[in-house]
Structure formats: structure tokens, C-alpha cells
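Enquirer: Those sequence lines, one after another, are chains G and U.
In terms of the working numbering, the first sequence opens at residue 1 and continues consecutively.
In terms of the working numbering, the second sequence opens at residue 1001 and continues consecutively.
No lab work stands behind these hints, which were simulated from the structure alone.
Just so you know, these numbers come straight off a predicted model, no measurement behind them.
Just to be clear, a hint being listed does not mean it is correct.
Claimed, not checked - Simulated DEER-style distance windows between Cβ atoms: (1) U:SER1026 with G:TYR10: 31 to 39 Å; (2) G:SER80 with U:GLN1080: 29 to 37 Å; (3) G:LYS83 with U:LYS1056: 38 to 46 Å; (4) U:SER1040 with G:LYS83: 22 to 30 Å; (5) G:PRO8 with U:ASN1007: 30 to 38 Å.
Unchecked claim - The calculated DSS-like cross-link candidates involving lysine-lysine, where the alpha carbons are at most 25 Å apart (straight line), are: (6) U:LYS1056 with G:LYS71; (7) U:LYS1042 with G:LYS9; (8) G:LYS70 with U:LYS1097.
To be verified - Here are some chain U residues pointing at chain G (derived, C-beta under 8 Å): (9) LEU1046; (10) PHE1049; (11) GLY1054; (12) LYS1097; (13) GLY1101.
By construction, the Cβ of each residue, glycine as well, lies at the ideal position given by its N, Cα and C atoms.
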Amino acid sequence: DGGITQSPKYLFRKEGQNVTLSCEQNLNHDAMYWYRQDPGQGLRLIYYSQIVNDFQKGDIAEGYSVSREKKESFPLTVTSAQKNPTAFYLCASRGDRVWNQPQHFGDGTRLSIL
Amino acid sequence: QKEVEQNSGPLSVPEGAIASLNCTYSDRGSQSFFWYRQYSGKSPELIMFIYSNGDKEDGRFTAQLNKASQYVSLLIRDSQPSDSATYLCVLGTSYGKLTFGQGTILTVHP
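Just chain G, with the same shape it has in the complex (with noise of 0.2 Å):
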């Protein structure tokens, strides 16, 4: 089936450590996106990236690197530097092709210090 896998599905954090988080999609698509949702708010875009090696910041980035080496995979980085990393971690991507259609998510992955 095609589709948006996001793997850990939880994933704990040391102190000072660095973790990736990983997004695989199967759909084509040309788009892809990292958001972070906490709780009671909206999502948040982290960053996004609509065609291989290349990606732009969002309005929250710093604390977090990405890249997208291959059409498929866009993988988020969350950095000692990001102090407050607990959140659901959403990606998203888009068949880019046709502005105005949708965005659709993975699963997310539910970060948390330990």
C-alpha cells in the first residue's frame, strides 16, 4: 500500500544527545514536511523540502537538521541544541506537481526526554 511511514513510533532522549527520527514515503511524491504539535496547539512546520537535495527552513528550525538525499526519505534530526524537544513529530508530503492539493501524514513519532 502507498503511504507515509514514520519509525520510531516513540523514541526517548538523553541529554545532550542527538536522535534522527525517520520518514519514508512510497507515494511519488515530489514535497515533503516536518511539523511539531504540542499539546492544545497547532502544528508547527519545521522544515520542508520540495524536490531531492534541496530544503528550506519553516518558522521553527533552530534545534533541527534535515536531509533529502533521495526522493523517498526526508529525515528530521533533532540536535542537543533543541531544549525542548518533547512533542509529536508529524511528517507530511505532497504530490507537488498540483499546488493546492493536500498534505498527508505519517503516523508521528512522540518524542520525550528521559
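Could you slot chain U onto chain G? The hints should help.
Expert: Frame of chain G; chain U shown alone:
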């Protein structure tokens, strides 16, 4: 002013009633409008999208858009307990970025 403002919740309706979810926005350049449903602990799922002024119906759901008033709404007819969730009003721009409202919690009680 927030870019996307949804009616404050939580909203509680009896089973079988019409649930009305409202959203106003500030960016007149917004061109696409989406409603996502998010169950507790789950990721958002798309339920409706609308691009033109007027109404768009899909089963029990009707989306309404008024660009002059910068207003978009979602009506859910014959509400069911399974409709209980957080509903996110989302705006899109021509370059693909989305702006999310904070969500309205809907509870449908039997």
C-alpha cells in the same frame, strides 16, 4: 491577530445534531482551505477541501467558504460519537505551505 483562528471549544453536541465548526483567517492570499480531523494521539487525516466561494458537500460534511469575509466553516450533519475529535482548519498558499489553526475539540454525546 492569529493567522488562523478557530472557534474556541470544546464543542459538545448531541448525537444526530448538526455540528458547526468555524474558522477565520487573516491572509487574503490564501487560496486553498482544508479541514483535517485528528483523533487523540493520532495524526491528522483530511476530510474536506475547498478552493472556491460557496458550499461543497461530501456525505455528511459540508464546507463553506467566503473569501470576502475571510471565513471558512465545516458543518457535520447527523453527528455521530465517532465524529468526536479535534478538527483543524488549515490554509494553503500557492507555494505549498500550510498554516494550521489550533483546532476545535468536538464531542458528540449519545
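Enquirer: Let me make sure I understand: some of the numbered hints might not hold for this structure. Which ones are they, in numerical order?
Expert: 2, 6, 11
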